[in-house]
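S.K.: Could you use the hints to bring the two separately framed chains together as a complex?
The chain contents come next:
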Amino acid sequence: MHAMILAFESPGDFARRQDKAQYKAYMEGWYAYGGSLEKAGVLKSGGALLGPETATVISLKDGKRVVEDGPFTDSKEQLGGFFIIEVGSIDEAAKWAKSCPAAKEGRVDVRAVPDDYPIGGE
Amino acid sequence: MRYMFLIYDDEDEWDAKPDAEKMAVIGEHMAYSDALRKVDAYVAGAPLEHSRVGRRIIGERIDNGPFADSKEQLGGYYMIEADNLDAALDWAARCPAASYGRIEVRPLWNIEG
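Taken in order, these protein sequences are the chains called C and F. The opening residue of the first sequence carries number 1 in the working numbering; numbering runs sequentially from there. The opening residue of the second sequence carries number 1 in the working numbering; numbering runs sequentially from there.
Extracted from the complex, chain F is given alone in its bound form (with noise of 0.2 angstroms):
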């Protein structure tokens, strides 16, 4: 079954970090993403840039970002297999991003015909 990880973070933390702890950050997710792989669980994934250069479509309308609703935006994504949910918090769990964000985990739908 296959897991989507939505990762929702404060961009204003992630700003105000020291460009060493951000490339330490991105290195604990490359190292995260090499375990994932490494028992064919990774299937896809990618970081966001910060919603302010984002856009939000209702209707007809066209807003730009950055999003008011909450401190924390959904900052990127993991896509991953597992054999069920608790294998899937697992995972979650190991991720770097539960450390310093909150991280939405969804089943994907398997649509069929």
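Next up, chain C with everything else stripped away, as it sits in the complex (with noise of 0.2 angstroms):
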């Protein structure tokens, strides 16, 4: 089955990738992340998002635009990336993510991703 992992980092998470000081080290445990469910065949796909002040939420009522500034949920943790892997489970996918550098201040949530649908793929 194939799977979403979903990082939602901390404030602090997002603060480091701005801060040159913490930057490097911030990166490195993402890239030996990355590395990991590489060097272990899972991995598909990912991709990482600028922070969440970048955010804008768009909807339609009766056929007209609603936009909206800012990240759909007011939550502290906002979603930073994600990576989609291939394993026998979702409790197996649930193992990879936490090890997931965002689990330690922030959230990780694992979505399964169905693998029989007429829409979406690469």
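What the hints contain is simulated information worked out from the structure, not anything from laboratory work. Every value quoted in this text rests on a predicted model; they were computed, and no experiment measured them. Yeah, the Cβ is synthetic: ideal placement off N, Cα and C, and Gly gets one too. Take these hints with a grain of salt, some might be off.
As the list claims (entries may be wrong) - Ranges between beta-carbon positions, derived for each pair: (1) R65(C) to V39(F): 37 to 47 angstroms; (2) D34(F) to E53(C): 26 to 36 angstroms; (3) W109(F) to V67(C): 21 to 31 angstroms; (4) R94(F) to G70(C): 15 to 25 angstroms; (5) W14(F) to Q22(C): 23 to 33 angstroms; (6) Q22(C) to V39(F): 32 to 42 angstroms; (7) D63(F) to G70(C): 19 to 29 angstroms.
M.R.: In structure tokens, the structure reads:
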């Protein structure tokens, strides 16, 4: 099965991205994690997002656009990146998520991606 | 520039839809994906199974879904290529999910070095 690992990072983690002294250690954590997924042969794809301050939320109400600045949720932890992995079960995916750097100060959600769907893919 | 569309919608509302209506929405997403592909704007995308089959990890703790934080949960995503945020928002407004949910649009972080 495919699973999506969603890394919700803490404000501290987002701050580390901008901090010259901490940037390298921050990035090394992510490279090591991505490397471990790759080495195990489970990594399919992934990506990193710019901070929550760059977020815009859009929807249509009665056909008209409703645009709001900021992320969808007002929680402290915000999505900073994701990985798509291929594993045997959602619990195996959760095991991988546990070593994700965001789990330490933020949180990591694991969601199943349906395999037999007519939409999606790369 | 790449943008991610994070689709948030109400899982219970989706479950309550008759099958024909679900199929119609899926068809709309197929047409939308095709429209993106036609202009080489499509990068990736996937729907997600409901959060009740998900897991949430905080520190050493692993919780089973569903997640109680919000009625609306991440239901899927698209990644697209667009010239700028305005162009990305135009695409997001055309996404079928804009009518039944809300879409968080976020630029991808192009990491260098």
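S.K.: Are the hints correct? Go through all of them and say.
M.R.: Hint check:
For the hinted restraint 37 to 47 angstroms between R65(C) and V39(F), the CB-CB distance of approximately 21 angstroms leaves it violated. For D34(F) paired with E53(C), a C-beta distance near 33 angstroms keeps the hint of 26 to 36 angstroms intact. At roughly 22 angstroms, the beta carbons of W109(F) and V67(C) sit within the given window of 21 to 31 angstroms. The given range of 15 to 25 angstroms is respected by R94(F) and G70(C), whose C-beta atoms sit roughly 22 angstroms from each other.
Distance hint check: the CB atoms of W14(F) and Q22(C) are about 41 angstroms apart, inconsistent with the given range 23 to 33 angstroms. Between Q22(C) and V39(F) the beta carbon distance is about 40 angstroms. The supplied range of 32 to 42 angstroms therefore holds. Checked against the hint of 19 to 29 angstroms, the C-beta distance between D63(F) and G70(C) comes to roughly 26 angstroms, which is consistent with it.
Hint check: violations occur at hints 1, 5; the rest are consistent with the structure.
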